[in-house]
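Chemist: Protein chains in written order, with my numbering: chain W, 1 to 266; chain X, 1 to 438.
Treat the hints with care, as some may be off.
Here are the computed lysine-lysine pairs in the BS3-like style, where the Cα-Cα straight-line distance is at most 30 Å [said to hold, decoys possible]: (1) Lys142(W) x Lys227(W); (2) Lys142(W) x Lys434(X); (3) Lys338(X) x Lys9(W); (4) Lys237(X) x Lys17(W).
Okay, the calculated bits of chain X under chain W, using three or more residues with CB under 8 Å as the criterion [claimed, not checked]: (5) 234-245; (6) 299-313.
Everything labelled a hint here was simulated from the structure, so no lab data went into it.
Ideal placement from N, C-alpha and C gives every residue a C-beta, glycine not left out.
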Amino acid sequence: MELTVDGRKAYAYSGGKAFDASLPCIVFIHGALNDHSVWTLLARWFAHHGHAVLALDLPGHGRSDGPPLADVEALAGWVLALLDAAGVRKAALIGHSMGSLIALEAAGRAPERADRLVMLGTAVPMKVSDALMHTSQRDPLKAIDMVNTFSHSGTASKPSYPGPGTWLHGSDRALMRRVQAGQSGLNLFHHDFGICDRYERGLAAAANVRCPATIVVGSRDQMTSPKQAATIAKALNARVQSVDAGHSMMSEAPDAVLAALRSAMA
Amino acid sequence: MPGASDPGFDTLALHAGAAPDPATGARAVPIHLSTSFVFENSEHAASLFNMERSGHVYSRISNPTNAVLEERVAALEGGTGAIATASGQAALHLAIATLAGAGSHIVSSSALYGGSHNLLHYTLARFGIETTFVKPGDIDGWRAAIRPSTKLLFGETLGNPGLDVLDIPTVAAIAHDHHLPLLVDSTFTTPWLMRPFEHGADLVFHSATKFLSGHGTVIGGVLVDSGNFDWDAAHAKSGRFAELAAPYDGFHGMVFSEESTVGAFLLRARREGLRDFGACMSPHTAWLILQGIETLPLRMARHVENTRKVVEFLAGQAMVEAVGYPELDTHPSHALAKRLLPRGCGSVFSFNLRGSREQGKAFIEGLRIFSHLANVGDCRSLVIHPASTTHFRMDDAALAQAGITPGTIRLSIGLEEADDLIDDLKRALKVAEKAVAR
């Protein structure tokens, strides 16, 4: 579905059902150089099990108009404005990687609007190595290959996402390349990494969060290792759930992530 | 942070898509000869049918053994995923049927496998899909043939049987200028010799019967998507591809490009094409093709090494009028081959015998190691006379357009000792030479 936020088109996948704001709402927020399609199986499941679902394309990503916003704070404001546009007062905020920081910031800024917070593949702070930052600026396609390799824990995750026969390394790389190509005037990869790297309000935001929080870690995550999630888990008094996957946990272990999210939403 | 990359080609050929079986510990890929797969409960069943979860339901649509093959070929091609089909012809049909219907149009290279030519020229025309054929090197011809109803451009990496090298970068650019995808038959080259996606192709298919399987034992095909073609953008600009970018009544109004930004094509091909046309692959066949792929890098290197020796031998024979191998500077695609196929031009090529049609028959019948049959890409060496077999439905004009003469002999060089193959050819050439005196 398309909404208008701050005068610009904003796209949200509603899980294969018409959006009904009267149902309990879940917002899915993707990570750097991704779009809503990293969530579609999970979003479809929740949409067909009693929830209103908004799997977003952040500004300048996928089907949402640009320009990309400057920082986590601005993106959190945009998410809250999108809830206004959709007629949603309160929602569960679920974010992956960069999206987990946006969910955290939104839940901290407007605690009365978040009834669950779920952070997947997260670290606070989410510092990006100098080498990766530099490569993402100088040679973004090479950086995409590097991150894609680091984000997968093997070459045979089953069942494939979104369906059998999908080569996850190839499909995740193609998605990042597609989203990067969508911004001709900006190196979106470097921009998104900068957003993650610069965000410093994580613990302050956590102090304001009032809803139950869950952290989902990938036991083989090389981008945001389980250890790196410990600080924010403690700050949020969050339940930590571990899935046997790397950073691309929604594609590597969709059933395990679904189980974790069902538990978080219970 | 140097060094991070996916595993190399040879490693992927052995490992992509497969891990030790979690239930049994089996190291080799198990053959899942089961039509269907048990649901955990009613909710699980419903969620699988509604694409809320990934998994296997019924082996016409997906199967665990086939999925390993699909992932492996996709990995080797650098694609997003693949679908295993009953044959290479089924893969071509699945690609076309996913994008085209009555009233659609295709622009195709004229240098095609005879079966593909039949499908496009005769059979699909009966269902309202028209094809315009252009010579693969006629770049202006490709551009001029495109119509508002065109849905894709199609060619073979190495045109059968003349081995015209398709100028993929140029033809892909023409396709993309018109918001169209380029589909490529990569059977003769395999991803070991060329990865068409790296040159701009959008979709690739193989007759896995040939080099991927490599042993002449099974019939199968694989269709691979690069994930690079933006179906939404093409739909917005040209109105084409509503099949992927607009609601589909056959799946509760699903818009496949919303479900998967880079996997829409394969989702629809599987959820509609395999479901409704049903040209799926047997898991046993998938397993045999996987066995073949494990040694693909080793075999392709030997195929090319042997072929170069045989080509060199034939080029020096008085009875041989011409040898059509793109590595020879006499071949019209020589420059393109150097650019696009630096590892070699495969092991299937043709040459023209001097003399009569009877001498041609004598040559084929004089061979002892080469087998006279209608296949290529076997580990054993093969020979055929296209004008009387694979391309027999074509008249002389169509044959000429495809680069074939009545004296053309096609060889598929196998993995035997190259010296033994050359001795066999020497013997047959002598038989052919003597046949003229009778």
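Chemist: Hint by hint, note whether the structure agrees.
Modeler: Verification of the hints:
{"no.": "1", "hint": "Lys142(W) x Lys227(W)", "result": "27 Å, holds"}
{"no.": "2", "hint": "Lys142(W) x Lys434(X)", "result": "61 Å, violated"}
{"no.": "3", "hint": "Lys338(X) x Lys9(W)", "result": "48 Å, violated"}
{"no.": "4", "hint": "Lys237(X) x Lys17(W)", "result": "27 Å, holds"}
{"no.": "5", "hint": "234-245", "result": "violated (count 0)"}
{"no.": "6", "hint": "299-313", "result": "violated (count 0)"}
Checked against the numbered hints above, the structure breaks hints 2, 3, 5, 6 and satisfies the rest.
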